[in-house]
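A.B. asks: In this note's numbering, the protein residues as written are 1 to 604.
Simulated from the structure, these hints should not be mistaken for lab results.
Derived SDA-like pairs: lysine to any residue, alpha-carbon spacing no greater than 20 Å straight-line:
(1) Lys102 x Gly359
(2) Lys383 x Phe325
(3) Lys69 x Ile36
Between beta-carbon pairs, the in silico distance windows are:
(4) Leu135 x Asn360: 34 to 42 Å
(5) Leu10 x Thr64: 14 to 22 Å
(6) Phe245 x Gln375: 52 to 60 Å
All C-beta atoms in this analysis are idealised placements derived from N, C-alpha and C, irrespective of residue type, glycine included.
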Amino acid sequence: MNNQQIVVSLTFTDEGKKKFADATTRAHEKGESIAIYYDGDFISVPTVQSAITNGQAVITGEKTIEDAKNLASTIRIGGLSVELEEIRSNVVGAQLGQDAIKTSLFAGLIGLILVIIFMIGVYRLPGFAASLALLTYIGLECIILVGFEVTLTLPGIAGILLSIGMAVDANVIVFARIREELRDGKVVHTAIENGYSKALSAIIDGNVTTLIAAVVLYALGTGSAKGFAQTLAIGILLSMFTALFITKWYMKAFYTLFAKDKKWYGVGRELKTLQIAQKKKVFFTISACIILAGFVAMGVHKAGGEKALNYSLDFIGGTSTSVTFPEDYSLQEINDTIVPDFEKVTGDANVQVQKVAGGNQVIFKTRTMNVEERQELCSLLMKDFGVEETSIQAETISSTVSSEMQRDTVAAVIVALILMLIYIWLRFKDMRLGAAAIFALAHDVLVVFTVYAVLRISVGTTFVACMLTIVGYSINATIVIFDRVRERLEKKKKDTDLQELTNRAVTDTLTRSLFTSLTTFFMVFTLYIFGVSSIREFALPIMAGIVAGCYSSVCLSASFWLILRKKFPPKHDDSGKYARQKKAADKAERKAQHEKEVRAKTVI
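Put together the whole structure using the sequences plus the hints.
C.D. replies: If you want it as C-alpha cells, here you go:
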C-alpha cells in the first residue's frame, strides 16, 4: 500500500506515438522537460526520464486523486482551436447598483401607500379589505422570490411594482359589481356573492391575456427582459388569488363581525349614460393625429441623418458607457471636452451622446470596446474629470447578439398577438370583438411608438418588455368592456338600440377603467420620479401606454365593435333566446335568494 502512487497514464495514436518518441528522445538527450500547455498556461512540466517509443507514458507527482483527474480531463479536452470573443458584458459599479435598488424599492413603497389611500378613500371598507389583501400579496411574493431563489434585477423590481398596481384591477372590477348589486336592492351578503360571481369571467380573461404576454416574453426574451417577465407572471397569478380568495375572505369576515349596513360599502349613484359612440369620429381623429405625429418625428430624424428611433446597443451592437460626473455639463461642453477622450480610446469619431435629464449622468455610445480599452477610458475619466470608478457603468453587446434580439423581439410580439387572438376567440366566439380588441391594441402600441420617436427614448430590451406589457394591459382593459358588451347582448331585446347598448356598457365599466389606470399609474409614476435612468426609460413609455390603454378601451374599442357589428351583422338574431335564458336565470336566482333569506330568518 505504501508503494502505491498517483499517476496519469497516456496512450498515443500511431501518429502521436512517432511525434512523442522524437520529442522525448531529444528531451532526454539534452536533459530537458516536456511541458503541457493549455490556453496560455503551463498545467504540468514532467521530467523525461527516458525516450518513450512504445506510445505509452505516465505522469507522476500528482498529490491527490482530484489533481490527477483534473490533469487527465484537461489533456483529454485539449487546447481550444478558436479565440474567445466577448459578445456581451455589463459592468456596474457596486454603489450604482445599490442605489438603483434602494430608489426602486422606495418608489414602490410610495406607490403602495398612494394605492392604499386611494382604495380606502374611494371604496371604504372594501378598499380596506383590498389593502390588507395587497399587503398579503406582497408577503407571498417575497416568500416565492426567496423560496425559488429568483434573481432580482431592476426590470424585475419594475415587474413587481407594476403587478402591484395591476393587482388592484381585480378588486376594482369586483367592487363595481357589488355596488351595482346594492343599487339594485340586493342585501349586502347577496351583493358580495353576486359581485364576485359576475366579475369572475372578466378577471380571468383580463389576467390570462396579460399572463400570455409575460410567458411569451420569458420564453423569447433575453437578459433583463426575462427577469421582468418572471416577476410579472408571478404577480399576475398572486393577484388573482388574493383578489378572488383573500379579499373575499376579509369581506365576509367584516360582514359577519359588524359591516351589514350598506353605508360601509360606498354604494354611490349610477352614472348617466355617456354618449361615447356618437362622438367616435372625434376620438378617432384625435388618435390619428397623435399617431401621425410619431411618423412625422421618425421622418424628421431620418431626414436629419439619424435613425428613425433611438436604437440602443441591444439592437445595433457596440459599447454604452454611462458616467455620472461630479458636476453638470452642457451638451456643448460634453462634445468639446469629454468626447475627445472617447475618440482617443476608440480611434473612432462616431460617438453618440445622450444627456439624462435631472442629473449629471451622460450616456456615450461607441463602437465595441474590449476590456483593456474600457479600463483605459475609465482611467482617463477619473484623471481628467474626477469621476469615481463606481459611477461608471459600461455595457458591451456584439452585433450578433443585437441581430438575435431584433429577431426575438418581432417573434415575441407576433406570438403573443396570435395567442391572445386565439384566447379571445375561444372566450367570446365573436371575431368582431377580436378585431376590435386588436384595433385598440394597435392604437396603444402606435401611441407608445410616438412617445419613443418624439422623446428619443432608447429602444432596447426593455422596449420589448414595455410593448408586451402594454399589449397585455390594453387587452385586459378592453376585455373588461367587451365582457359587459357580451352581458348586455345576452339581455337585449330585438328592438334594443345597439348604440345605446354600447354606450351603457362603456359607462358601466368607466369607474373600473379610470380607477385601475390611476392605481397602476401611481406605481409606475413613482418609479419614474424616484428610479434611476434605466428605470425611467422603462417607466415613461409604460405611463404613456396606461393612458393610451384607458383612452382606447373607453373611447375606441366598443365604438369600433359597433361599426363592425353594423357592417357585418350576425346571420341569426338570437336576442329572444338570450332574453329567455336571462329571464329563467333571474327567476331561479330570486327563488334561491328568497329561500336563503327564509332560512336565515328561521335560524335567527
